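Asker: The chain contents come next:
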Amino acid sequence: MEEGMNPYPIGPIQIFSIIFSIFLLVLIVYLIRKKKVREEYAIRGLIDKFSSLLGIQYQPAALFLILFACLFLLVFHFSIVISDMKKKINALAMTVSILEERGTKKE
Amino acid sequence: MTWINLSSILFCVYLEAVFFFKKLMKLLILIPAYNEEETIADVIQETQKSFPDADICVVNDGSDDRTGAILKENQHIISLHLPFNMGIGGALWTGFNYFCQKDYEFLLRLDSDGQHPPSEAAKLLEPLIRGEADLVIGSRFINREGYLSSQLRRGGIRLLKLLTTIIMKNQITDNTSGFRAYSRKAVCLLTEDYPFDYPEPIEVYLLHRNGLRIKEIPIKMTDRKGGVSSINLLRTYYYLIKVLLTILVNFWNGGRNESVSDRSHSDL
Numbered sequence: 000m001e002e003g004m005n006p007y008p009i010g011p012i013q014i015f016s017i018i019f020s021i022f023l024l025v026l027i028v029y030l031i032r033k034k035k036v037r038e039e040y041a042i043r044g045l046i047d048k049f050s051s052l053l054g055i056q057y058q059p060a061a062l063f064l065i066l067f068a069c070l071f072l073l074v075f076h077f078s079i080v081i082s083d084m085k086k087k088i089n090a091l092a093m094t095v096s097i098l099e100e101r102g103t104k105k106e
Numbered sequence: 000m001t002w003i004n005l006s007s008i009l010f011c012v013y014l015e016a017v018f019f020f021k022k023l024m025k026l027l028i029l030i031p032a033y034n035e036e037e038t039i040a041d042v043i044q045e046t047q048k049s050f051p052d053a054d055i056c057v058v059n060d061g062s063d064d065r066t067g068a069i070l071k072e073n074q075h076i077i078s079l080h081l082p083f084n085m086g087i088g089g090a091l092w093t094g095f096n097y098f099c100q101k102d103y104e105f106l107l108r109l110d111s112d113g114q115h116p117p118s119e120a121a122k123l124l125e126p127l128i129r130g131e132a133d134l135v136i137g138s139r140f141i142n143r144e145g146y147l148s149s150q151l152r153r154g155g156i157r158l159l160k161l162l163t164t165i166i167m168k169n170q171i172t173d174n175t176s177g178f179r180a181y182s183r184k185a186v187c188l189l190t191e192d193y194p195f196d197y198p199e200p201i202e203v204y205l206l207h208r209n210g211l212r213i214k215e216i217p218i219k220m221t222d223r224k225g226g227v228s229s230i231n232l233l234r235t236y237y238y239l240i241k242v243l244l245t246i247l248v249n250f251w252n253g254g255r256n257e258s259v260s261d262r263s264h265s266d267l
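The listed protein sequences derive, respectively, from chains C and W. Per numbering that gives the first Met the number 0, the first sequence runs over residues 0 to 106. Per numbering that gives the first Met the number 0, the second sequence runs over residues 0 to 267.
Warning: the hint list may mix true and false statements.
What the hints assert, rightly or not - Below, a sample of chain C positions facing chain W; criterion: calculated Cβ distance under 10 Å:
1) Asp47
2) Ser50
3) Leu64
4) Ala68
5) Lys86
6) Asn89
7) Leu91
8) Thr94
9) Val95
10) Ile97
11) Lys104
12) Lys105
Because the hints were derived from the structure by calculation, they are not lab data. Computed from a predicted model, the values in this text were never measured in an experiment. Cβ atoms here follow ideal geometry from the backbone N, Cα and C, with glycine treated the same way.
Kindly produce the complete structure, drawing on both the sequences and the hints.
Answerer: Here you go:
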């Protein structure tokens, strides 16, 4: 790396994220003032409780854990659904082949 | 008095013979084929020569080559064309379902690569016709003649043999042999919940669990005439692990059979 170069340049993505963060901040403050985010607090409280229960100091880590658990269950669910569909597709293919044979023999 | 006896005995013999041939007439020969354009025509011809009265059903398992075209040219056989490749289990399952929808009595399974000489097949049918067994397996290892597969696969087969001996208290020497004949009862039972991936050893296990009789007969196999085996080195291991897992899961289930009555093909 050349000397004197800024290791943290401000590019378009940085500007975008700063603007987006400010927008989010304003939005949240606005919603809190209008008392529309009670559920949000409830979820935060839940995560707090969950993390203290498991002894997790860093709360985003608890959030990730919950997310991973949900994804895992989702994947399981999908594999069950796919197995079921495969069964049905096989039954369809079998039926098609037998009907096709019957059709060609009748002609 | 003796005259009547003699005539009645003759009549019985006659009836038996008629019964025998009638039963033999209701034989379906099932040949699953996947990319076997080189050998399939010869195998069909040979089979027709050995069993002129039987119906031959070839399941074309979504072949990419000319197998389908060759089958469509032949008007004397039943050919089932699967819209995509379902694997050997799917092809067999399709043939089994066709069998159950018609009034066949026995099913003989042959390979499409010429490994199973039809001339040996009559030996498999004998115990079925006599009503001694519901599944007859042609075993390479009783007399150790003909084609015996590779070293590695033989090891796997031996492991399976050990396992079946432990679980079923019934020694099956060639559990992966696809040279088999089935009674109607066995076929219709297997269509209910067929093991799709590598069906042969699990077939044996399922039938045993349901109290059907299994018999082994020494036969001679020949090496394949063309094409490549669907099971390569890596798959040999996969095959073994999968089969062991399935048998263990089934064993753990303790013979509980899933209900399959909701499958819609029964009203075809």
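Asker: Compare the structure with the hints numbered earlier in the document and write down the numbers of the violated ones, lowest to highest.
Answerer: 1, 2, 3, 4 and 12
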